[in-house]
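Just so you know, the sequences run in chain order A and B.
Oh and the first sequence: position 378 is 378 in UniProt numbering, straight run, nothing missing.
Oh and the second sequence: position 282 is 282 in UniProt numbering, straight run, nothing missing.
A few of these clues could be false.
Covered by chain A, per the in silico footprint, the following chain B stretches (three or more residues, Cβ under 8 angstroms) [claimed, not checked]:
{"#": "1", "stretch": "188–198"}
{"#": "2", "stretch": "215–223"}
{"#": "3", "stretch": "234–240"}
{"#": "4", "stretch": "330–337"}
Pairs of lysine-lysine, DSSO-like flavour, derived with a Cα cap of 27 angstroms [what the hints assert, rightly or not]:
{"#": "5", "chain 1": "A", "residue 1": "371", "chain 2": "B", "residue 2": "432"}
{"#": "6", "chain 1": "A", "residue 1": "238", "chain 2": "B", "residue 2": "341"}
{"#": "7", "chain 1": "B", "residue 1": "200", "chain 2": "A", "residue 2": "200"}
{"#": "8", "chain 1": "B", "residue 1": "165", "chain 2": "B", "residue 2": "449"}
Hints are computed from structural coordinates only; laboratory data are not their basis.
C-beta atoms are modelled at their ideal positions from N, C-alpha and C, and glycine is treated no differently.
Chain by chain, the residues run as shown.
Protein chains: 2
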Amino acid sequence: MFCYVQGVITKADESGTFDIPAFVKSLATTAPGKATTFRPLSENTVADYVQSVSHLAKRLGGSKQDWAVKEVGDGNLNFVYIVTGASGSFVLKQALPYVRCVGDSWPLSLERAYFEVTALQEHGKHCPEHVPEVYHFDHPMALFAMRYLAPPHIILRKGLIAGTKYPLLAEHMSDYMARTLFNTSLLATSTTEHKAAVAKFCGNVELCRLTEQVVFTEPYMIASNNHWTTPQLDEDAKSIREDDYLKLEIASLKSKFCEKSQALIHGDLHTGSVMVTQESTQVIDPEFAFYGPMGFDIGAFLGNLALAYFSQDGHTSDNSNRDEYKEWILKVLQDTWNLFKEKFLLLWTDKSQRMGDAYPAGVYTSLETHKLAQKIYLRDLFEDTLGFAGAKMISRRIVGIAHVEDFESIENPELRSQCERRALNFAKDLLKTRSKLASIEEVIQLIRKV
Amino acid sequence: MFCYVQGVITKADESGTFDIPAFVKSLATTAPGKATTFRPLSENTVADYVQSVSHLAKRLGGSKQDWAVKEVGDGNLNFVYIVTGASGSFVLKQALPYVRCVGDSWPLSLERAYFEVTALQEHGKHCPEHVPEVYHFDHPMALFAMRYLAPPHIILRKGLIAGTKYPLLAEHMSDYMARTLFNTSLLATSTTEHKAAVAKFCGNVELCRLTEQVVFTEPYMIASNNHWTTPQLDEDAKSIREDDYLKLEIASLKSKFCEKSQALIHGDLHTGSVMVTQESTQVIDPEFAFYGPMGFDIGAFLGNLALAYFSQDGHTSDNSNRDEYKEWILKVLQDTWNLFKEKFLLLWTDKSQRMGDAYPAGVYTSLETHKLAQKIYLRDLFEDTLGFAGAKMISRRIVGIAHVEDFESIENPELRSQCERRALNFAKDLLKTRSKLASIEEVIQLIRKV
Chain A
1 MFCYVQGVIT
11 KADESGTFDI
21 PAFVKSLATT
31 APGKATTFRP
41 LSENTVADYV
51 QSVSHLAKRL
61 GGSKQDWAVK
71 EVGDGNLNFV
81 YIVTGASGSF
91 VLKQALPYVR
101 CVGDSWPLSL
111 ERAYFEVTAL
121 QEHGKHCPEH
131 VPEVYHFDHP
141 MALFAMRYLA
151 PPHIILRKGL
161 IAGTKYPLLA
171 EHMSDYMART
181 LFNTSLLATS
191 TTEHKAAVAK
201 FCGNVELCRL
211 TEQVVFTEPY
221 MIASNNHWTT
231 PQLDEDAKSI
241 REDDYLKLEI
251 ASLKSKFCEK
261 SQALIHGDLH
271 TGSVMVTQES
281 TQVIDPEFAF
291 YGPMGFDIGA
301 FLGNLALAYF
311 SQDGHTSDNS
321 NRDEYKEWIL
331 KVLQDTWNLF
341 KEKFLLLWTD
351 KSQRMGDAYP
361 AGVYTSLETH
371 KLAQKIYLRD
381 LFEDTLGFAG
391 AKMISRRIVG
401 IAHVEDFESI
411 ENPELRSQCE
421 RRALNFAKDL
431 LKTRSKLASI
441 EEVIQLIRKV
Chain B
1 MFCYVQGVIT
11 KADESGTFDI
21 PAFVKSLATT
31 APGKATTFRP
41 LSENTVADYV
51 QSVSHLAKRL
61 GGSKQDWAVK
71 EVGDGNLNFV
81 YIVTGASGSF
91 VLKQALPYVR
101 CVGDSWPLSL
111 ERAYFEVTAL
121 QEHGKHCPEH
131 VPEVYHFDHP
141 MALFAMRYLA
151 PPHIILRKGL
161 IAGTKYPLLA
171 EHMSDYMART
181 LFNTSLLATS
191 TTEHKAAVAK
201 FCGNVELCRL
211 TEQVVFTEPY
221 MIASNNHWTT
231 PQLDEDAKSI
241 REDDYLKLEI
251 ASLKSKFCEK
261 SQALIHGDLH
271 TGSVMVTQES
281 TQVIDPEFAF
291 YGPMGFDIGA
301 FLGNLALAYF
311 SQDGHTSDNS
321 NRDEYKEWIL
331 KVLQDTWNLF
341 KEKFLLLWTD
351 KSQRMGDAYP
361 AGVYTSLETH
371 KLAQKIYLRD
381 LFEDTLGFAG
391 AKMISRRIVG
401 IAHVEDFESI
411 ENPELRSQCE
421 RRALNFAKDL
431 LKTRSKLASI
441 EEVIQLIRKV
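Construct the complete structure from the given sequences, taking the supplied hints into account.
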């Protein structure tokens with residue numbers, strides 16, 4: 001689920017940034033495994049398919065007529081079925097060769113299912129507690145089965161809108177990010193493994209290009225995909241299109257997104273890609289995964305927490321006071337970064353952990369050099385994180401194509417636009433002052449000041 | 001010809017940085033085209049081979065018994081034959097599945113021939129004036145034919161040792177670097193093309209790992225490959241192994257080398273990879289090519305010019321005064337960067353030039369933003385360039401495995417070590433102060449001050 005879209009998505013062919021022929025061509029040329037026998041399933045045909053895969057059928061127990069199939073995809077890209085039997089259940093997810101909510105006028109590679117499964121498996125290896133297990137993958141069908149996250153699991157974004165606290169959220173998300181990012185970076189792998197994995201995920205270029213388009217390009221120009229709360233935010237949207245300094249920051253971040261293969265990132269780690277209960281946190285939907293800058297993941301998560309914070313004042317129609325909840329969100333934001341940093345460094349210094357090629361033990365012999373190297377690494381990562389957090393907030397979430405339910409669910413446009421403007425101003429500040437912000441506590445101060 | 005080696009190369013398996021089993025494994029797994037029918041040629045069998053390739057035979061004219069075959073490889077990695085006939089000639093270069101001067105105990109992927117040819121063709125497309133034309137490629141044989149660069153073409157390094165001036169050198173090298181680097185970067189290509197090309201060149205990982213080992217790792221630790229003018233430079237080599245600040249700079253450069261896929265770089269652009277006459281400049285041997293940071297190429301060339309400069313005082317046994325020649329080298333160094341910058345920016349602003357995805361025209365609309373973006377880009381590139389120049393000088397050229405003839409040809413060890421120490425001190429200064437150096441003129445001042 002890459003986006004929560006209100007209104008109609010149109011292709012940005014006018015702007016020249018979204019090249020449909022290249023997309024179609026790459027369907028034929030870049031696919032590691034061509035989907036020659038693809039056929040889309042429906043609620044009516046899922047059970048037949050499951051019956052044909054014995055280990056899946058066994059997992060459900062009973063026989064075909066006892067199985068319940070329910071389509072629950074949120075309607076943007078894929079079909080998602082919950083399949084339940086007498087003794088078990090799973091989720092079946094199938095990609096279509098186009099963007100589901102637009103139709104076949106916007107083709108999109110089926111190979112994204114392959115990259116999603118590969119990322120789930122790789123991340124799951126390093127962090128099984130927070131990544132659902134994959135049971136089955138059918139490459140030609142662009143379809144896979146994975147653990148069903150049963151209620152009370154809900155999408156984190158919906159929990160944040162409802163004002164629900166998740167006491168383990170920062171602990172779990174910092175764990176997930178530290179382990180997946182550290183273990184797929186050159187801190188833990190050889191350059192031989194790294195280059196092979198980078199090459200593989202270069203095949204996910206279509207999804208990367210979607211991010212390039214909607215995060216780094218369209219919000220900064222006139223594009224038919226853009227929309228915002230109008231007329232309230234007309235001037236704000238215009239000021240973004242005319243902010244040269246902001247565009248320079250965005251250029252530098254885009255170059256990192258396109259060129260820096262630091263780790264296998266989730267690629268779309270917003271609060272809609274996380275499912276939670278009071279005890280459990282599960283990261284789903286890594287179909288945008290590729291080798292990119294770590295800060296893009298951490299920034300996406302922290303930026304979306306900030307959006308949740310700024311939207312809270314619009315959720316008080318029930319006369320509830322959200323002040324305490326807002327403080328809780330800030331605490332999660334702060335703890336997530338601080339815990340991430342701590343855990344990342346623990347992995348780095350853990351003697352039982354396999355070390356990669358970045359800092360050969362024979363060279364970095366002194367404890368002080370190690371500590372200084374870590375300080376520099378984390379400082380760079382912090383700056384990247386804040387930059388990408390700001391970029392994600394501005395673009396996909398406020399003036400770009402893909403908005404978030406946090407704001408969209410605020411019905412009063414005056415109230416909504418006030419919340420959005422505050423989020424926007426914070427994001428701009430973050431992008432421009434990130435090199436001067438020394439700690440996450442200073443970021444929190446900046447949020448409060450808006 | 002990746003190196004000029006004096007003495008014996010040994011595998012660095014003790015240090016754990018050079019992993020032979022992984023190398024052997026990757027021979028079998030990463031090769032885009034497996035060399036199933038490889039057989040090494042010799043002076044005696046080259047003519048038979050050429051006869052079997054009609055367009056090559058035609059190029060020579062006459063028949064087999066009229067052709068002259070001469071092996072001229074400098075003995076490190078490959079075999080290089082000059083083949084001459086009645087009406088034409090070419091060079092035939094064949095890779096062996098190991099490092100030639102060590103033997104089959106150091107295996108090395110035959111696929112390097114494929115990457116060398118691919119890079120020659122790609123760079124040749126953008127800069128045919130300075131890249132020899134490829135006539136033929138036989139993938140399974142790891143063999144290709146290209147233009148023979150007839151005398152008076154000589155290796156630039158030898159010309160610099162002899163004290164010969166090449167009036168067009170800066171003009172040509174700046175042209176070569178500006179055009180090959182710009183045109184293979186996201187300034188000129190789409191991210192679709194870029195990711196496909198990055199993936200392809202990830203296959204050249206063995207050669208990348210060789211660079212990682214000899215440039216970024218071994219000079220900073222005790223390694224059996226290292227050698228230096230001893231005992232004169234014993235303390236200097238030790239001080240490098242103990243310089244924590246230097247190691248941090250090296251870590252940051254290594255991370256760029258391994259992670260930043262900015263352009264298709266030559267990968268080994270020292271003065272031994274350039275052949276020159278008074279009118280012609282030809283860049284050869286890009287077998288280390290991959291998508292990496294542009295500064296690695298520019299830094300290699302400028303760093304090797306600096307080495308040539310520092311070695312001049314050792315070449316005055318004929319009582320010639322090299323002062324004027326030294327000034328000429330500095331002028332080339334200065335002009336190369338300044339002309340590169342000028343030409344690179346010209347390509348960037350040329351309206352007839354195809355623009356890539358880095359700076360979408362719809363976003364970067366104002367002239368001032370463009371100018372500022374270019375200034376930032378070139379500033380970053382300058383800093384990378386100086387860093388890599390320093391790293392190349394220290395490592396492969398003075399205390400690492402692969403020395404340069406510039407110094408090796410100075411017979412008196414006292415005199416040689418004095419030259420080497422000056423080069424070493426400049427390189428260290430460059431690495432540590434590069435962020436404060438505002439122009440190439442300040443770099444020249446730093447050279448003079450040593």
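Open item on the list: So is the stretch 234–240 of chain B in contact with chain A by the C-beta rule, three or more residues under 8 angstroms, or is the coverage claim wrong?
Closed with: violated (count 0)
Open item on the list: Is the coverage entry for the stretch 188–198 of chain B by chain A consistent with the three-residue Cβ rule at 8 angstroms?
Closed with: holds (count 7)
Open item on the list: Please verify whether residue 200 of chain B and residue 200 of chain A have alpha carbons no more than 27 angstroms apart.
Closed with: 10 angstroms, holds
Task: Hinted pair residue 165 of chain B and residue 449 of chain B, Cα distance within 27 angstroms - done: At roughly 24 angstroms apart (the allowed maximum being 27 angstroms), residue 449 of chain B and residue 165 of chain B satisfy the hint.
Task: Annotated coverage of the stretch 330–337 of chain B by chain A, confirmed only when three residues or more have a Cβ within 8 angstroms - done: violated (count 0)
Task: Coverage assertion for the stretch 215–223 of chain B with respect to chain A, Cβ distance below 8 angstroms, three residues required - done: holds (count 5)
TODO: Below or equal to 27 angstroms on CA atoms is what counts here, so check residue 371 of chain A against residue 432 of chain B.
DONE: 19 angstroms, holds
- [ ] Please work out if residue 238 of chain A and residue 341 of chain B have their alpha carbons no farther apart than 27 angstroms.
- [x] Given pair residue 238 of chain A, residue 341 of chain B is violated - Cα atoms ~34 angstroms apart, limit 27 angstroms.
When held up to the earlier numbered hints, the structure conflicts with 3, 4 and 6 and fits the remainder.
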